[in-house]
Amino acid sequence: MPPDAAPPTPDLAPYAEPLAHWFEARARALPWREDRTPYRTWVAEVMLQQTRAATVVPYFERWMARFPDVATLAAADEEAVLAAWEGLGYYRRARALHRAARTVAAAGGAFPGDAAGWRALPGVGPYTAAAIRALAYGERHVAVDGNVRRVGARLLADPAPRDADLAAALAPLLPTDRPERGTEALIELGATVCTPRDPACDACPLANACRARAEGDPAAYPAPKARPAVPTRRRYAAVHVDGDALWVVRRPPDGLLGGLWGLPQGDDPPAGTTLAPVRHVYSHFVLDLVPVLRDGPPDGDGRWADPDARAQLPFSGVDRTLVARLEADGHLASAGPAGPATLRP
DNA sequence: AATGCGGGGCT
DNA sequence: AGCCCAGCATT
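For the first sequence, the tail end lands on 345 under this note's numbering, and the numbers increase by one without skipping.
Treat the hints as calculated values from the structure; they're not laboratory data.
Glycine residues also receive a C-beta, built at the ideal position from the N, C-alpha and C atoms.
Be aware that one or more of the hints could be misleading.
[As the list claims (entries may be wrong)] SDA-like cross-link-like pairs, simulated, lysine to any residue; straight-line CA separation at most 20 Å:
| id | residue 1 | residue 2 |
| --- | --- | --- |
| 1 | 225 | 283 |
| 2 | 225 | 198 |
| 3 | 225 | 149 |
[Said to hold, decoys possible] What follows is a list of derived Cβ distance ranges for each label pair:
| id | residue 1 | residue 2 | range |
| --- | --- | --- | --- |
| 4 | 300 | 328 | 22 to 30 Å |
| 5 | 50 | 24 | 23 to 31 Å |
| 6 | 108 | 308 | 35 to 43 Å |
| 7 | 297 | 254 | 26 to 34 Å |
| 8 | 330 | 271 | 19 to 27 Å |
| 9 | 109 | 228 | 41 to 49 Å |
| 10 | 258 | 11 | 45 to 53 Å |
| 11 | 139 | 24 | 16 to 24 Å |
| 12 | 162 | 220 | 15 to 23 Å |
| 13 | 284 | 162 | 24 to 32 Å |
| 14 | 28 | 271 | 50 to 58 Å |
| 15 | 330 | 258 | 28 to 36 Å |
Let's have the full structure, built from the sequences with the hints guiding it.
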């Protein structure tokens with residue numbers, strides 16, 4: 001071998017059992033791991049799309065208490081489903097989960113029997129389908145998510161590996177018995193040891209096989225993605241108040257915050273009293289939302305929401321912030337713990 | 001292949 | 001102030 005050639009791809013098979021044992025000894029106790037039914041695994045994997053496990057845990061617990069099985073979920077109102085999802089983000093996931101539950105229920109309540117069936121459900125893509133098959137059914141294959149992509153990129157010292165190539169290259173890491181331990185171990189390793197910055201290689205069961213570590217700078221893999229700068233948008237929220245009620249509208253089902261309720265927004269300033277703007281940071285833009293106190297009746301479709309209704313309806317983060325601000329500044333009555341809400345010292 | 005889609009935790 | 005997360009749907 002020439003002296004400047006890259007080291008050969010490591011033989012990973014000897015690491016399969018150490019990896020599985022590492023997982024059994026060190027894995028975090030997460031609720032969806034307690035009872036690996038297809039329903040629980042499916043709900044967890046959809047919640048975990050682009051969302052950290054620690055964030056998901058309380059949502060998953062509440063969800064399972066509220067919608068313990070697919071029939072219960074299918075029978076629920078979309079409003080209740082979105083309310084249970086409020087704060088988790090990417091609300092299309094909740095609507096897809098709900099639609100898929102109704103599809104499954106309409107088919108007699110049985111989950112799909114093969115990969116193609118799972119993949120056909122809304123909200124189930126390549127990763128989620130692979131994860132459900134591996135984790136809930138024990139099928140032997142690697143599900144490639146962001147964690148596995150990073151672990152694999154470092155293990156092979158490949159700046160931008162393709163998912164299919166990675167699944168094949170990492171397959172030898174699945175143990176002979178209960179291969180799902182290996183699949184989940186790779187995910188767990190990426191989440192807790194092989195982290196994006198400052199990986200804990202001393203704690204890694206694969207350290208001796210890792211080409212990126214041998215090179216000296218494992219955090220250099222995978223290659224960082226260029227991200228466009230996020231623009232700032234100024235928009236206006238119409239504030240109509242009637243007693244303790246606030247006028248709210250439902251957002252269109254698709255698009256940003258689809259299906260959630262909130263104050264009517266527009267690109268142009270309506271007539272009225274302008275209040276201090278509320279800033280909210282989304283992934284792809286920064287919103288400066290300017291509340292405007294309006295006189296007269298609202299127009300268009302919507303409803304009046306008193307404090308109780310505001311607690312029940314699904315709202316986005318910025319609308320929650322806005323309502324809290326209006327209440328704190330005395331523009332809107334809140335639901336006081338005792339006595340009339342409008343009573344002020 | 002590129003873009004839209006949340007919110008939060010960490011550095 | 002970035003970065004990125006147990007990704008998917010759409011174009």
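- Query: What hint numbers does the structure not satisfy?
  - Reply: No numbers; nothing is violated.
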